[in-house]
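If you're matching them up, the sequences are chains A and B in order. Reminder that position 379 of the first sequence reads as 378 in numbering that gives the first Met the number 0, one-by-one numbering, no gaps. Reminder that position 9 of the second sequence reads as 8 in numbering that gives the first Met the number 0, one-by-one numbering, no gaps.
Worth flagging that the hints you see were computed from the coordinates, not collected in a lab. Be aware that a few hints might be false.
Computed from the model, here is a short list of chain B residues facing chain A with C-beta under 7 Å [claimed, not checked]:
#, residue
1, T17
2, K18
3, W58
4, A69
5, W121
BS3-like cross-link-like pairs, simulated, lysine-lysine; straight-line CA separation at most 25 Å [to be verified]:
#, chain 1, residue 1, chain 2, residue 2
6, A, K151, B, K134
7, A, K235, A, K267
8, B, K134, B, K35
9, A, K151, B, K64
10, A, K151, A, K183
11, A, K230, A, K276
12, A, K15, A, K184
13, B, K112, B, K64
14, A, K151, B, K112
With the Cβ distance kept under 7 Å, some of the chain B side facing chain A (calculated, not the full set) [what the hints assert, rightly or not]:
#, residue
15, R5
16, P9
17, S16
18, Y50
19, T71
20, V80
21, G82
22, E92
23, N102
24, I104
25, S106
Each residue gets a CB set at the ideal place from its N, CA and C atoms; glycine is no exception.
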Amino acid sequence: MSARSNIVIAGYSETKVVFRSGRSAYDFAGEAFASLLEHTGVAKDEVDGLSVTLALSEASNPFFTVYMADALGLTPRWLNAGAIGGCSATGGVARAASAIRDGMCRIAVVLSSDAPSTAWRSNYGAYRSEFQDPPGVQGPPATFGLLMSRYKHQYGLSSEALGKIAITQRQHALTNVNALDKFKKPLTMDEYMNSRIIADPLRILDCVMFCDGANAFLVMSEEDALTRGLKMVRPKAYAEVTNYAGSESCPDITESGFWMIAPELYRKAGLGPEDIKMFQPYDDFTIAVLMQMEAFGFCGRGQGSRYVLDTDLSYQGMLPLNTGGGQISAGQPGLASGGLNLAEAVRQMFGEAGARQVQDPRTALVTGIGVIPYGRNWGTSAAMILEA
Amino acid sequence: MSDAVRRPVPKPDVYVSTKPFWEGAQARRLVLQFCKDTNRFQHFPRPVSIYTGSRNLEWREVSGKGQVYACTIVRVLGPGVEGRLPLSVVTVELDEGVRMIANIIGSDPEEVKIGHRVALAWDQLDGDILYPAFKLA
């Protein structure tokens, strides 16, 4: 075993995903944090490392992470701001592992909490008012409509395949007690096909819905976890890249940063796609799931539609996909989103997934996506392979 | 365009100096940022060249000719699109080797396809401020 594999995730917690809860990111964070302490038996004052994901609902406060430490009564010796959106949970775990190895802290909590459906306090500023707003690109759907159109042009894209992703994930959400109540009913292909097109060829059921919620992960050495008798999973490998192809004016936008990091990730883990027992990819849009299947080698480039149609993606299938429903079917708790996919992976690997338990949950591939840039795909791509 | 439609005019020079873009537009010239070290355009404007990291930048007029690289039709309401739906939104790849997000005007949005040649056209923001768009060539 390499010296780098001795840091583990030794606990997780997750709140229910709620739409317009009327509660703050602090309150959700408190719920996730208290639950994490309660079921791991870790005392609050043993936590000396904290990574806090920046929240859309609190983005006007540049000291959000410090305010969070204060809100939770923590005195961290290592404090990290998770500023890569949906990559901040896996990225936070990777950074916490480095901090623990460097002796900056011993027990870290990676906390993501957001409540954008209750309060929106973000303004992306920069170039957007002059160059993105006037043509009517206010948010991710138009950019993803553009991305999908290009993907479709280059490789072909089956609506049925995207529908199958949405339907499979919805089926998984039905047994997830933390999933948004609104999504607790099965989805049919007819419903998917008839759902409103909002930015061609993007349908409303290809998209996530902004909600409120939180999740938290406990990171420590394997030795400490063993001493405490805690369940654990090992982050076997992690890789991330931001602003892929950032010095190109005309990159192929169907190629994301995942194409760069996937080979590195597998090499670091000493594993290949055939070794992955479940895939918990960041799923802001169904096309992102399909494109990641290609980048991570589950199928060839441009073969995503065929692969999805030919493969059982249920929790009992060849490649269990977002077994908790993912963000598309559990709801997207703002920028706490990346932790939702990670929490489900850890839950499965702890054998706590109940009716949707994957039979052989020894490995999981979890990914993150952060921010939608100008006319490309996404800003940050991050991926982690977990091993039981 | 009806009087009820509001298309707010953004403030130039807030993020980086963009005045040449806006002054060019009012003269019906599309002026974009150009890296003098590599002789390449970049868009949106940046504080440095994305090719070299230097500030050896200037603004140059482009032909406005290019082709549709990606296209969508925005069908949901949001700020600045009231009265404009369904709205053709495209990524245009200009012949000068730079892309920009823009609207195609003067055509049924359903007619716009990837690969179509386009030419510069001028749209209006509030107060008759011109803003670049494209039309099918």
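Hints breached by this structure: 2, 3, 5, 8, 10, 15, 17, 21, 24 and 25
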